[in-house]
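**Student:** Now for the letters of each chain:
Number of protein chains: 2
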Amino acid sequence: MISISETVPNATTRWITLSGGVGGAKFAAGMNTLAASGEHDILINTADDFNHLGLRICPDIDSVTYALAGLNDRNRGWGRSEESWNCMATLKEIGAESWFSLGDKDLGLHLFRSHQLSQGESLYQITRKISTSLGVTSRLIPMSESAVKTIVSTDCGELDFQDYFVRHQCRPTVRSVRYSGIETAKLHDIALSSLQSPQLEAVFIAPSNPFLSIDPILNLPAVRSMIKALEVPVVAISPLVGGRALKGPLDKMLSSMGKPINHQAIANHYAGLIDCLIIDSADISESRSIDIPTHTTQTIMNCRKDERSLAEQAIVVAKRLKSNLSSRRPASRGTGSDQL
Amino acid sequence: MISISETVPNATTRWITLSGGVGGAKFAAGMNTLAASGEHDILINTADDFNHLGLRICPDIDSVTYALAGLNDRNRGWGRSEESWNCMATLKEIGAESWFSLGDKDLGLHLFRSHQLSQGESLYQITRKISTSLGVTSRLIPMSESAVKTIVSTDCGELDFQDYFVRHQCRPTVRSVRYSGIETAKLHDIALSSLQSPQLEAVFIAPSNPFLSIDPILNLPAVRSMIKALEVPVVAISPLVGGRALKGPLDKMLSSMGKPINHQAIANHYAGLIDCLIIDSADISESRSIDIPTHTTQTIMNCRKDERSLAEQAIVVAKRLKSNLSSRRPASRGTGSDQL
Numbered sequence: 087m088i089s090i091s092e093t094v095p096n097a098t099t100r101w102i103t104l105s106g107g108v109g110g111a112k113f114a115a116g117m118n119t120l121a122a123s124g125e126h127d128i129l130i131n132t133a134d135d136f137n138h139l140g141l142r143i144c145p146d147i148d149s150v151t152y153a154l155a156g157l158n159d160r161n162r163g164w165g166r167s168e169e170s171w172n173c174m175a176t177l178k179e180i181g182a183e184s185w186f187s188l189g190d191k192d193l194g195l196h197l198f199r200s201h202q203l204s205q206g207e208s209l210y211q212i213t214r215k216i217s218t219s220l221g222v223t224s225r226l227i228p229m230s231e232s233a234v235k236t237i238v239s240t241d242c243g244e245l246d247f248q249d250y251f252v253r254h255q256c257r258p259t260v261r262s263v264r265y266s267g268i269e270t271a272k273l274h275d276i277a278l279s280s281l282q283s284p285q286l287e288a289v290f291i292a293p294s295n296p297f298l299s300i301d302p303i304l305n306l307p308a309v310r311s312m313i314k315a316l317e318v319p320v321v322a323i324s325p326l327v328g329g330r331a332l333k334g335p336l337d338k339m340l341s342s343m344g345k346p347i348n349h350q351a352i353a354n355h356y357a358g359l360i361d362c363l364i365i366d367s368a369d370i371s372e373s374r375s376i377d378i379p380t381h382t383t384q385t386i387m388n389c390r391k392d393e394r395s396l397a398e399q400a401i402v403v404a405k406r407l408k409s410n411l412s413s414r415r416p417a418s419r420g421t422g423s424d425q426l
Numbered sequence: 087m088i089s090i091s092e093t094v095p096n097a098t099t100r101w102i103t104l105s106g107g108v109g110g111a112k113f114a115a116g117m118n119t120l121a122a123s124g125e126h127d128i129l130i131n132t133a134d135d136f137n138h139l140g141l142r143i144c145p146d147i148d149s150v151t152y153a154l155a156g157l158n159d160r161n162r163g164w165g166r167s168e169e170s171w172n173c174m175a176t177l178k179e180i181g182a183e184s185w186f187s188l189g190d191k192d193l194g195l196h197l198f199r200s201h202q203l204s205q206g207e208s209l210y211q212i213t214r215k216i217s218t219s220l221g222v223t224s225r226l227i228p229m230s231e232s233a234v235k236t237i238v239s240t241d242c243g244e245l246d247f248q249d250y251f252v253r254h255q256c257r258p259t260v261r262s263v264r265y266s267g268i269e270t271a272k273l274h275d276i277a278l279s280s281l282q283s284p285q286l287e288a289v290f291i292a293p294s295n296p297f298l299s300i301d302p303i304l305n306l307p308a309v310r311s312m313i314k315a316l317e318v319p320v321v322a323i324s325p326l327v328g329g330r331a332l333k334g335p336l337d338k339m340l341s342s343m344g345k346p347i348n349h350q351a352i353a354n355h356y357a358g359l360i361d362c363l364i365i366d367s368a369d370i371s372e373s374r375s376i377d378i379p380t381h382t383t384q385t386i387m388n389c390r391k392d393e394r395s396l397a398e399q400a401i402v403v404a405k406r407l408k409s410n411l412s413s414r415r416p417a418s419r420g421t422g423s424d425q426l
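Respectively, the protein sequence lines represent chains A and B.
Taking my numbering, the leading residue of the first sequence gets 87, the next gets one more, and so forth.
Taking my numbering, the leading residue of the second sequence gets 87, the next gets one more, and so forth.
Note that these hints are calculated values from the structure, not bench results.
This structure is a prediction, so every number in the text was calculated from the model and none was measured.
Be careful, since some hints might not be right.
Intra- or inter-copy, both count: the list cannot distinguish identical chains.
Unchecked claim - Below, a list of computed lysine to any residue pairs in the SDA-like style, where the Cα atoms sit at most 25 Å apart:
1. K338 with N348
2. K178 with Q205
3. K272 with S262
4. K405 with D241
5. K391 with N410
6. K272 with T259
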């Protein structure tokens, strides 16, 4: 691992999004359409990263890259559009490991990244090369250059995240989640500079799974307290709609961990950290009983327009909050039930 | 590199083919259709192998594998049939190295091989897994587990083989060829057992480029003398037809090294080693002046039937030679001009 020498002398970061994979990537894509180059940074979960057939796979970085480059497959819900699977067919043909689907187009990223890492380039630099080559203007920042590994404790024992998520297709009942290596991992230097940008206007927590995608970022040493201490609004978008997760195992996980499957559970999870929770308009009745400020709007993102609209709403909320935040903080965080 | 523990207690090897890539692979495929399982071993040049984007590429092993599995692309002349190039498209899109064409189907082999090598498996074992998975019954044996590297000395300086062959498309004028690492490399243990098989009936030198494909095998320590000392016929198929190489730079190389572009040059190259040179029927007039025994037949292999016919002819020649070889050897090797 080489140290990052990039400095941010003229930091113009105005918005930071904390994001995991697919859902978070769509919100980040909406933000990308609104922000000028350099104005939007995305801190991306890397605790799902793993090695497969000698390749370094970074599912969340790639989901964000594809969504922002407009290359994501919206029907399948992951990976690249107009993908082919001929390499996979060979792997199956010769009896190689084939439990993890590698698309042919997608493989180009894994090959390039794995090779560049072996040459001593940082994950940030590689991600930056890839994303800028694909025309992405937001800055994608891996949460850390250090290895952090999400381990899911289930009724089938402890499982590596990809084992749980892909191999076992989220079937085992989850008891808890831990992040191996996180105690000694370090928030990415570039992310640190970004969070310290004097231009920063807001931090958004994308509608990603809080346990699997956002907590690995927040639980990096000092990150939660650093975000708490920021003098800018922190706004989360709830990943639940109508008491269900649109994608992934969040609802099952909440249930098996003895928590209700509702926005209050998300609010509790981010208690003391966020200033507002954005929830879907369909859940407006639920919003009244939530003990932190909420804002209702359409959070389901079926198309690029939806992504942009949600990002616009998030910015509107952040601007409103910013105007009166200094008088309310830090005591107000996680208390109150204002509608914004 | 782990040592090879496979022994050949019931060796039934009857025929051994020394082969390089495309042309040699076609002849080997013909032999594969004639030989029962275990009867035919192919010693394959690995001096063209190289690392690309962290992948171990073995062009000749793969050409032989594809030809024997019936998966080779006969029109393109290399690689797999019905190939797609989507991973390459991504590599180009993100500005990665793309001078070496990697087909999507082909990539499966490179990925599997590279990963298995990193896990300590031998190139032989990996090649065996791949080829048997694809239904190949002949045994593919990399000439060595040690790294040997063909270096081409040209008017543009010394070039790695792939640089000369792919990047420079054989344009530089070749002065000589050397094989870096060959002094300390070792013929593969499995190949050694194969050459010592009491059932061995003949050794065939496939119509591959003598300098680029066959010499790396022959120049491994003790190999040339071991083959010379065998009490079985050694038959080479000339890679020239009508004073030209069907594919590759052999004719240009002969010319730039001051040698004639004819079968006598091939006979001279293998002088003292081979008992007969098979040349194309079109060159029958040339055969009379060649100073070693020759046999004429169609050596151009446009289809599987041609491959099989040439292999049949090679076996016929070997059988005829075997019946009178003991009385003629070793003095006769490289002398005489009998027509077989």
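**Student:** Determine for every hint whether it applies to the structure shown.
**Tutor:** Here's how the hints hold up against the structure:
Only within a single protomer do K338 and N348 lie at most 25 Å apart by alpha-carbon distance; the minimum there is 12 Å, versus 75 Å between protomers. Taking the shortest alpha-carbon separations for K178 and Q205, only the inter-copy value of 19 Å comes in at or below 25 Å, while the best intra-copy value is 30 Å. Within a single copy, K272 and S262 get their C-alpha atoms as close as 23 Å, which meets the 25 Å cut-off; across copies the closest is 54 Å, which misses it. In the homo-oligomer, the alpha carbons of K405 and D241 never lie at most 25 Å apart, since the shortest distance is 44 Å inside one protomer and 68 Å across protomers.
For the homomeric pair K391 and N410, neither the shortest alpha-carbon distance inside one copy (30 Å) nor that between copies (84 Å) is at most 25 Å. When the C-alpha separation of K272 and T259 is checked against a cutoff of 25 Å, the pair qualifies neither within a copy, at 30 Å, nor between copies, at 54 Å.
When the structure is compared with the earlier hints, violations turn up for hints 4, 5, 6 and for no others.
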